[in-house]
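*Asks:* Put chain B on the given structure of chain A with help from the hints.
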Amino acid sequence: MSTTNNIAQARKLVEQLRIEAGIERIKVKTTVFCHVCVSKAAADLMSYCEQHARSDPLLVGVPTSENPFKDKKPCIIL
Amino acid sequence: MCDQTFVAATFGPCDNCTTASPLMNIYIKNEAINYCSFCVEVMACQGLQKGESLANLKRECESLKKKLEEERGKLNDVELHQVAEKVEVVGALSIKTRRVLKGHGNKVLCMDWCKDKRRLVSSSQDGKVIVWDGFTLNKEHGMTMPTTWVMACAYAPSGCAVACGGLDNKCSVIPLSLDSNENLAAKKKTVAMHTNYISGCTFTNSDMQLLSSSGDGTCALWDVESGQLLQSFHGHTADVLSLDLAPSETGNTFVSGGCDKKANVWDMRSGQNIQSFECHESDINCVKYYPSGDAFASASDDATCRFFDLRADREVAVFQKDSIIFGASTVDFSLSGRLLFAGYNDYTMNVWDVLKGNRVSILFGHENRISRVRVSPDGTALCSASWDNTLRIWA
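Which chain is which? The protein sequence lines are A and B, in order. In terms of this note's numbering, the first sequence opens at residue 1 and continues consecutively. In terms of this note's numbering, the second sequence opens at residue 1 and continues consecutively.
Just chain A, same shape as in the assembly (with noise of 0.2 Å):
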């Protein structure tokens, strides 16, 4: 029946939308269920790729010696 189904649908939805009002919106960071200002959660994500953007083969680069994929010249012995 399309009504009970269209009544049970948007009764869902109001109920999963009640969750996400009713959860706390502060501006320091806590739990995962705390929400934090952009600038704070943006500063984070640029803090994260900056510790680790050395390590990071496909960014920086690696030596051809120091990667399997990367095939060596071969070597001539003279």
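Some hints here could point you the wrong way.
[Said to hold, decoys possible] Derived coverage of chain A by chain B (criterion: at least 3 residues anywhere in the stretch with Cβ under 8 Å from a Cβ of chain B; other residues may be distant):
| id | stretch |
| --- | --- |
| 1 | 13 to 19 |
| 2 | 35 to 43 |
| 3 | 47 to 57 |
| 4 | 65 to 72 |
[Unchecked claim] DEER-style ranges, computed between Cβ atoms:
| id | chain 1 | residue 1 | chain 2 | residue 2 | range |
| --- | --- | --- | --- | --- | --- |
| 5 | B | Lys102 | A | Arg18 | 24 to 32 Å |
| 6 | A | Ala8 | B | Asp15 | 19 to 27 Å |
| 7 | B | Phe326 | A | Gly61 | 25 to 33 Å |
| 8 | B | Glu69 | A | Glu15 | 17 to 25 Å |
Hints are computed from structural coordinates only; laboratory data are not their basis. From the three backbone atoms N, C-alpha and C, an ideal C-beta is built for every residue, glycine too.
*Replies:* Frame of chain A; chain B shown alone:
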């Protein structure tokens, strides 16, 4: 969707009021109920509480949505690329095709790396699942599944098994043995059973549990040993096309994206939908967590990739260009999270700078659309699977 009600018209005495009239044969929870249309209406209204009506619920929906938007808006004090202005620009990348893996007879739909950073498993439309050694191009195992379109495959964390599933609506786990003469397909064990195709699967932190996403609109967590359903996740209103597990060892959340344009974050223990993001304008084909676990990216048929921060609870970047008109089918981050590799239906891969929001590079090579892109566990290489029957390893 799993539960559907089918309506067919017949004539006879109603089960409820016994008057003879045109009946609506409805199936509620698999039981056949033959009520006349008046009794069906009465039954539907019994579900309503006093004072509630469809219009009321719709109004409450709208006002809650507005309230959520307002709250989200309060935290939006600056854009990600503004904060990232002082960051150094990404240098020129020297990423080229280093290996081409040929062997599949038809479109390669999915691939996954093994934790040993050299092996990978791939699955294709012709029903074959192949385990490759990425260094030597050796095919270590080949299995034929009883179904075509094996859309999902995953390597177990121990490296001793692979999981795969597709149009057969099941996800099976196959233990890999070193004996090359053994028929591996015979040892496969069916773990997940959905009522529609399997679009994605992944092992959780151990070989013992498997998460699957399906065209029936649900995701589910299974115990591999017993095949038992541990938790199911309902909330999507259309096919779920992709899922990704949060990277932390203690984390028990995952994100899923689907044809309803929504990306949902779920708590694995309670089955609860914690957060939902609806910013895309078309189906979300792929979702992937940022390496720190605080954000995720999504690729969609609307030709954009978007970046969502979980703590700020909003979309913080959109990766798009006017010249990109084909849908994005897959995304993955580099090890540090600075680069986002996205595969598109125009046969190319675009490399985006996550912080600044601009495109850094385009990778050409495939001759058909790219179905899956995955960075190796140590970040040294990138593997792409494509409908041109090959996989390419880039480094």
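*Asks:* Of the numbered hints stated earlier in the document, which are not met by this structure?
*Replies:* 5
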